[in-house]
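Undergrad: Protein chains in written order, with full-length UniProt numbering: chain A, 1 to 350; chain B, 1 to 77.
Since the hints were derived computationally from the structure, they do not count as laboratory data. Just so it is clear, the structure is predicted and the values come from calculations on it, not from any experiment. A virtual CB, placed ideally from N, CA and C, is assigned to each residue, including glycine. Fair warning: there could be bad hints in the mix.
[Stated by the list, open to error] Reference excerpt, derived from the structure (chain B facing chain A, CB under 8 Å, subset only):
(1) ARG59
(2) CYS63
(3) THR69
(4) ARG70
[Said to hold, decoys possible] Computed beta-carbon distance windows for the label pairs:
(5) B:THR69 with A:TRP83: 46 to 56 Å
(6) A:ASP331 with B:THR16: 44 to 54 Å
(7) B:ASP38 with A:ARG193: 26 to 36 Å
(8) B:GLY13 with A:HIS70: 38 to 48 Å
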Amino acid sequence: MTTVSSPAVSSPAPTVHTGLAPLPEPRGPLSAAVLAVLRGEEPPQRPDAAAADPYGDDLQLALHCCYELHYRGFAGVPDDREWDLQLLALRGALEERFLAALRADVPPDDDVTAAVDELLVEPVGPGAETGVSHHLHRRGELWQLREYVAHRSIYHLKEADPQAWVIPRLPRAAKAGLVSVEHDEYGAGDPARLHATLFADMMRELGLPDGYGHHVDAVPGATLAEVNFMSLCGLRRSLRGALVGQFALVELTSSPGSERLVRGMRRLGCGPAAIRFYDEHVEADAVHEQILRRGVLDPLLAEEPALAADIVFGIRAAGFLGDRLGTAMLDAWAAGRTSLRTPLPDGPGR
Amino acid sequence: MPADPAHGTPAPGTPTRVTLTDDGPVLVHGPVEVELPDGRRLRSERAVTALCTCRRTRRPPFCDTSHRTRVREENHS
Ligand code: FES
Ligand SMILES: [Fe+2]
Ligand SMILES: [Fe+2]
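Build out the structure end to end from the sequences listed, making use of the hints.
TA: Laid out in structure tokens, this is it:
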């Protein structure tokens, strides 16, 4: 971190929570079956994942619940249910459906250099400035910013955790590079500077509950899908290339977007803890970009050139899911509606 | 370059590694103190610090990716 002048941060006290997420409400037969197993009940019948919308609420919530057992877990669910065979079988079927849809929606390509170069230009002009961060920069309202933060909380309250799964799966040089970025994401040894902590500080200053898993019921499948893709690639060694691609996409595109959010927040009069999270990411991710390219992608490709197509898949699939979510948010806001399943107190309804 | 495995910083007597990128910042490994033209000193505790060389950054002396090539897009595609 850079110590130029750190504003005195006085956020409200952290919400008291155990760190364990409450079990969400089911959204269809798949999530109902997974939740039944989590509760130790017999699921009604083995639901058919092959017929479900691969990006929809039901399948994505079901996957989210399967994955959460590998992170902090749910309140009231025994730790060992992580390895319940019935659950693992269900998860396998859900992943197969999700992955097949992504492989169909993202054209195959193994040109990593081209995929990376595409991310290293800054599109400007009327045709380019159409994303969520552009909207929040120039004209977004406070309730829209708060919704954006609620969506993002699904990832950022476990920021860097999905990418940590890949560490033991990398050859040495790429591992050293990736861990140096992760070290920074985890606060370089200081829990107060953990990016997940900075995000929670921002949530509280924006008046949002910051409990782990608090907003899961409120976010749509499109939000869960982005994070599920990270967990999927993190937990499956066969997708280690895709995980690195996903991480590269985030680190290569975050700086300019974070700068726009900082400006949007200043325009909206947000406080210092809110601004600090994205402010930290402008400079941090300018460095992380360099380490990801020179310290992770280059040595990984040198040692495992066969991963090229999966790295590009990770970049493009993460971009595809991010665009889907961005479009859903902007469409809802343009229609004067909430982008959440349940609106925040200060926003419009559905 | 041999590094102190316990700390990730160069062992005593090891020169500081400085990486010149062809497209953007200068990367300096290890915590640095940067002295600015006006005499101010800024510290960066990062394992790697990216110093702007393109002079377009909004956060001098640090790179904020403003060195990237701007591509104009007129219409929604
Ligand atoms: S070198 Fe990156 S902003 Fe100047
Ligand atoms: Fe981060
Ligand atoms: Fe980062």
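Undergrad: State for each hint whether it applies.
TA: Evaluated hints:
1. ARG59: Check passed: Cβ of B:ARG59 comes within 6 Å of chain A, closer than 8 Å.
2. CYS63: holds, 5 Å
3. THR69: Because about 5 Å separates B:THR69 from the closest Cβ in chain A, which is inside the 8 Å limit, the hint holds.
4. ARG70: Interface hint status for B:ARG70: holds (5 Å vs cutoff 8 Å).
5. B:THR69 with A:TRP83: 46 to 56 Å: About 49 Å separates the Cβ atoms of B:THR69 and A:TRP83, which means 46 to 56 Å holds.
6. A:ASP331 with B:THR16: 44 to 54 Å: For B:THR16 against A:ASP331, whose Cβ atoms are near 50 Å apart, the range 44 to 54 Å holds.
7. B:ASP38 with A:ARG193: 26 to 36 Å: holds, 28 Å
8. B:GLY13 with A:HIS70: 38 to 48 Å: holds, 44 Å
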